[in-house]
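Turn these sequences into a full structure, and let the hints steer you where they fit.
Position one of the sequence shown corresponds to residue 7 (the working numbering), numbered consecutively onward.
Mixed in with the good hints there might be a few duds.
[Stated by the list, open to error] Under the rule of at most 30 Å between Cα atoms (straight-line distance), these lysine-lysine pairs were calculated in the DSS-like manner:
| no. | residue 1 | residue 2 |
| --- | --- | --- |
| 1 | K213 | K178 |
| 2 | K147 | K206 |
| 3 | K197 | K147 |
| 4 | K152 | K206 |
| 5 | K112 | K141 |
| 6 | K152 | K131 |
| 7 | K230 | K147 |
| 8 | K147 | K200 |
| 9 | K230 | K141 |
| 10 | K112 | K101 |
| 11 | K147 | K131 |
| 12 | K178 | K206 |
| 13 | K213 | K141 |
| 14 | K152 | K213 |
| 15 | K178 | K203 |
| 16 | K213 | K197 |
| 17 | K152 | K178 |
| 18 | K141 | K131 |
| 19 | K230 | K131 |
| 20 | K94 | K77 |
| 21 | K118 | K101 |
| 22 | K197 | K141 |
| 23 | K77 | K147 |
| 24 | K152 | K112 |
| 25 | K178 | K197 |
Rather than coming from a laboratory, the hints here were simulated on the basis of the structure.
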Amino acid sequence: MSREKSKSQTASKLTATETDHDYQMDITSTSHKRKSPNTPTKIPTPPNKMMAQVNDPNGALFDAIQNLTGKIEVLSAQLTATSDVIEKLSSRTDKNEADIMDCNSKIDKLTKSVPTLAIENEALKDRVLELERYKRRWNLKLRGLKENTMKTFGAKSSWITVHRLGRREEGKHRQVIIQFTARVQRDGFWKATKNNKICKDLGIHFKEDFCQQDRDARATVWPKMERARANGRNVYYRGPTGYIDGVRVTPD
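What follows is the structure, given as structure tokens:
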């Protein structure tokens, strides 16, 4: 009995001793149990989203590969079209090269023939000019004869043919060309009309019929011949060529 009493006193002393400090935990009371502090926690991630996050790098890589594949296909189509165009251009270039070579061959032949053709052309021009001069030696031109407005002047006989030159123009009198059948008839008629009183009274005169080249040649040397005539020298023409004191005149 005394032993139980002694245990009871000892327990009461321990209780009193442990409760002397207010910061000591009360192990006998459950209502004053210490709570753990609140700490933030992560929101649980759904399983599908976690799988998407895990597989996302592979999906981006797959999209990039598909995009690159599409670009490569477009580039391949463009290269094919470009290759076709280049092939066509190459064939055309080959044809043009062949044509150019053919043209060069023809040009070479023509170039070699040009000197010969030029010589022949000059010879033909000289022959035509000489024939024209020869024909015109049978002609005389009549200047100063007024036109009759009522009819066209024209006449023909067994030894001459007469007609006016060119088209009629208001206020102008066309020259008359006289074509003789023989050179001797022309020369005799021309000589008879020189210093003729009737011709002077009518204001008409006759002159030789020259081609354009001969007229230009005579006009070129005339200034020099005119100065020589003013100085009392003997000047004259023989065809298209002018002479001063028997010396042929050259242009200035």
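Under the criterion that the straight-line Cα-Cα distance not exceed 30 Å, is the pair K152, K206 satisfied? Judged against 30 Å, a Cα distance of about 14 Å means the pair holds.
Straight-line Cα separation of K213 and K178 no greater than 30 Å? holds (19 Å)
Taking 30 Å as the top limit, are the C-alpha atoms of K147 and K131 close enough? With a Cα-Cα distance of about 25 Å, the restraint between K147 and K131 holds, given a limit of 30 Å.
30 Å limit on alpha-carbon distance, applied to hinted pair K152 and K178: holds (9 Å)
K118 and K101: Cα distance at most 30 Å? holds (26 Å)
Sort out whether K141 lies within 30 Å of K197, counting only the CA atoms. Answer holds: K197 to K141 is near 19 Å, not above 30 Å.
Are the Cα atoms of K94 and K77 separated by 30 Å or less? holds (26 Å)
Proposed proximity, K112 with K152 (alpha carbon, max 30 Å): The given pair, whose Cα atoms are some 58 Å apart, is violated under the 30 Å limit.
For a C-alpha distance cap of 30 Å, please report whether K213 and K141 respect it. holds (15 Å)
Pair hint outcome, K178 versus K203 [Cα-Cα no greater than 30 Å]: holds (25 Å)
Hinted pair, alpha-carbon criterion (30 Å max): K77, K147. Please report holds or violated. violated (91 Å)
Quick one, are K141 and K131 close enough, alpha carbons at most 30 Å? holds (15 Å)
Hint violations for this structure: numbers 5, 6, 23 and 24, all remaining hints satisfied.
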